[in-house]
Each structure stands twice: as C-alpha cells, then as structure tokens.
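Next come the chains, spelled out residue by residue.
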Amino acid sequence: MWARHIRAVMMRELRSYFASPIAYVAMTMFALISGFFFTNMTVYYVRQATQADQQIASVGQSPLQLDVPTTILSEFFKNEAFILLLVIPLLTMGLVTDERRKGTLELLLTSPLRPIELTLGKFLGAMALFGIMLLPTLPFYAFLAQGGAWEPRVVFTGYLGLLLVAAASISLGLFISSLCENVLVSAFATYGVLIALNFIDTSASAARSIWVDFIQYLSFFHHHVEFSRGVIALRDLAYFGSFVVLGLFLTQRSIESVRYKRG
Amino acid sequence: MIRVENLTKRFGRHVAVDNLTFTVEPGEVLGFLGPNGAGKTTTMRMVTGYSPPTAGRITIDGLDLLRNPIAIKRRIGYLPENPPLYPELTVRRYLEFVADIKDVPREKRAGQIAQAITRANLDEVSGKRIGTLSKGFRQRVGLAQAIVHEPPVLILDEPTSSLDPKQRVEVRDLIVALRGRHTVLLSTHILPEVSQIADRVVIINRGKVMAVDTPANLSKRVQGGELVVVDVAGATPGDLRALLLQTRGVTEVSATQSNGIVTARVEADAESDVRAEIAAAVAARGWRLHGLRTEALSLEEVFLKLTQEEK
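Which chain is which? The protein sequence lines are A and B, in order.
For the first sequence, numbering that gives the first Met the number 0 begins at 0 and goes up steadily by one.
For the second sequence, numbering that gives the first Met the number 0 begins at 0 and goes up steadily by one.
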C-alpha cells in the first residue's frame, strides 16, 4: 500500500500545481532568470577569453587563466542555487497549509494513509515539479557542447547538487507549511529561513574561533559549492541527506499533531 | 457496529464531550441531534479517528480504534461538515484519488467509482471540475467520496446544513437510499429532518446525552413538537389561562401580557387540533382574538422539556 498511497498523493499534488498559476509562474521565472544568467556569463567569459588571446598574441603571455566551460558551469550552478531559493517557497507554501484551509486534511487523516506516506508523497510531488523546471536549462549544455569541451562531469555533479539543495529546501518548506494556517506566512517564513541558511557563511568570516567552522557547516552554499566545481564529497551528501530526513520527520510529526488541535 | 463508551474530550479546561456512551446497531441509521456547539462534530471526529479522545473507548466492528486505526479507517466513510474537496480536480479524478488512499482494490476501482457516481447522482457532472459545481452538487461529491470504498460505516456531519431547501431534499433522499447498505451515524440540528431519516435519535447538549429514543417516541414526548399561540385583547392572563385549560385536549398554558394584549402559549395532545375550539371559546366570552397560530418547538424548548422530564 505504501507505494500506491505515496504515488496517489504525489500525482494529486502535481495535478493541483498545474491547475493553478503558481507552477507556470515559478517555471517561467526560473527559466527566464536561468537563461539570463547563462547568457551574461557566457558573454563575459568569451570576452575574457578573447582578451587573453589578444594578450598572448601581442605580449606572448596573459595573466588570465581561463577554462571557459568549467568556469561558466561552476558560476552557473552557483547562480541556479540562488534562483532556486526564490522559487522553492512558492512551491511549498501551500503543501500542507492548503489542505488545512480546505478541510481536506480531515479526509487524508481519516483515510488509511499514514502521515509519513502523506509527507513523502507531497515531498516527491514538489521534487517532481522542480525536476520539470530544470528541463528548460538542458539546451544550455548543448550550446556549450557545440564549442567542444563541455565537461559532462561538472554538468552531472552540478545537477546533483541542485537537486540536493532543492530537496533540502523543499523539506524545510514542507515542514514550515505544516505549521502555518496562512500561505503567505508559510511562504515568507520559508524565504526567511532559506535566505539565512544560504548566506550564513558570509557572516562566518566575521566570527572568530571554533564558531567559524560550525556556522560554515550549516550553510547550504558551503556544501553546494563543491558540487558546482565537479566534486562529490561525502560530507556534503551527508549534510543534505540528514537535512532532508530531519525535515520530513518533523513534517510527519507536525501533521500528526494537527489532530490534537481544536476546531 | 459502533460502540462508544465513556467518551470524553477536553480542550484545555473546556469539556467538549462529557462521558458519552451510545451504540449504533448494524444497518441502523442513528441521528445525532443537538444545537451548535453541543459536541456533535467533536464526537464524530473522534469516532473517525481524526481527533484522539481524552478518555473513553471506541470500537467499530469489534475493533478497538486505538489499536487498529488503519483497519478501522478502511471501514469508515466520512463526510465532514464542509465537504473535503479539491476544487481544481474533476469529480472523476477526485474519486480516483480517494479510492487510491482508501485502499480500494485496483481491479475494482473503476467499477466502484462508477457506482459511487451513479448513487450520488453525479453522472452529468463527472467530467467537470469540482470548483465549477453548485453547492448541492459539491455536497453530493462529498457523499460520493464517503461511499466510494463501500464502507460498512458511514459518518455524516450535518450533511444538509448549508444547502437550500431543494438541494436539502435531494441530499436527504440520497441518504435515505443508503439505508440498509451501511450503518449510518448522522448529525443534524434540524428536528423534523432527523425524524425522516433516522431509526433512532441521540440528543446531546453540552457534550452530554440528554435522551436516546426513536423519533416517534421523542415526538410524543415533546407533543408533536408544536404549540398553539393565542393573542387576545380584553382578557386578563389569569382568565385566559383558566378558559383555555377547560378546552378539550389542552394540557398546559402559560400566559403573558404586554400592551393590553394577552399572549398564551398552549400545549395540547399530539392528536387533537385545538385551534377551532380555542377560537370559539374566546369569541363566546366576548374577547377579541388578535392572533392564532402554531409554532414549532425550537430545539432549545425540546431540550428544556426533555431535561425537565428527566428531573
């Protein structure tokens, strides 16, 4: 029954996404901003490369060390992780909040459906939508590949990193959604925590001593940056994995506890 | 089929349901009657396993709710007061989703959905999005959702309360048609309605059972649920009361005076219509009759009567 329940919840979630403007707004936003960043960076690095070529031709050497595909990709994935942060709260804000508002949570919790199945179904539904959102970015690599070396390894780890950041963000947004009775509160609270988690490492350098390591370790960016360079490190996998598990666990507990509330 | 023993629910200091005990026999339609805030919804939420009881025991089909929540949830169809719908889905997609989470066997899914659609009279709208439907249709979709997994037990919370009179009759007829296939626990705050649908009625107020009886007996106990109100000018309350009490069939009279008009509220046997005799008697005394009408006993008056009886 597990698989069937989870699949039913996930498919329902996807249907509801595509029945509302949210999915389309989020997808369009994501595709447009991604394309914008990609174009900008490509143009910038191509100019740099041209400059380096000219320097080599005239002086015989250049201070610019450029590996264009790798540099573009690495910058691109860093930027994508930031755009993702703008989009994810839109996907997660209603996940549980809407069910509470519409009274459908009463249907779900009086069905032979375990809260963990409900949680996983919703998580996978949001992940699936995010996966669909990434599709329009694939032609970018075809474009890079035309130019020769396109570093498939970096592309692979880059996407893996993005999916992990998305999974962690979605599990966080899902949990916050299960606490809120209002979608806007849910969205803004998720924005707040995500922004804090992404940029906490910039304040780490201002702190001293052992706290630097600790604060850096909490940061999404700190763990994601390795993936965008083409490196899969166990400690980063462990960080995102445990983040997701914790988020899903808390969500499941929180859904259970709704039953104890009045009204 | 459903046994509820010493069920209690507290929210902080507030006691919403107070030591409630009742049973619903297999195949029976039990009406749950009480004013708003009596604890009907809270009780039903506990029976469906949504809201955990503070104390007490619920067994369904011999299974303890706390020990076998999943098995029991498969046996219950539940329509909350606001039907739990996804407006963006079509009726059919919605029922497919419900069938999946209610563990309807895959090979039976299509058949049972078709049946639920037919039984709830939804054939003409099965491909439409729920959000575009009228309130009456939505209530029927809610009903279809509750029966799609063919549960032995149906729990319906105020299934007709938010509907207009025509829709109300339609939904009521649907519920009457469910009789026999399911054991039904149904709540309402409309007195005549419960007597049309239910085999037995549990009256609750402030979380306590006030009375359990068949609708017919309850009606007798509250004397048809009607009283006659007489407005007369030219009499004193005492005289009018004395006169009315002499009329055949009258059992009790209370009279009050305001602005020179005496108003008497008359209770009579369920069998006799005393209005003609009252009119004649008032005219014979030379008083002027300003009004003569029947009034249904309000639910509050029914409760008052029943509680007075108990003392």
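A couple of the hints might just be wrong.
[Unchecked claim] Here chain A is said to cover these stretches of chain B; the calculated rule only asks that three of the stretch's residues, wherever they fall, bring their Cβ under 8 Å from a Cβ of chain A:
#, region
1, 45-53
2, 59-73
3, 90-102
4, 226-233
Don't read these hints as lab results, they were simulated from the structure.
Note that this is a predicted model, so its numbers are computed, not measured.
We put the beta carbon where it would ideally sit given N, CA and C, even for glycine.
Now the hints, each set against the structure:
{"no.": "1", "hint": "45-53", "result": "holds (count 5)"}
{"no.": "2", "hint": "59-73", "result": "holds (count 4)"}
{"no.": "3", "hint": "90-102", "result": "holds (count 7)"}
{"no.": "4", "hint": "226-233", "result": "violated (count 0)"}
Hint 4 from the earlier list is the only one contradicted by this structure; the remaining hints agree with it.
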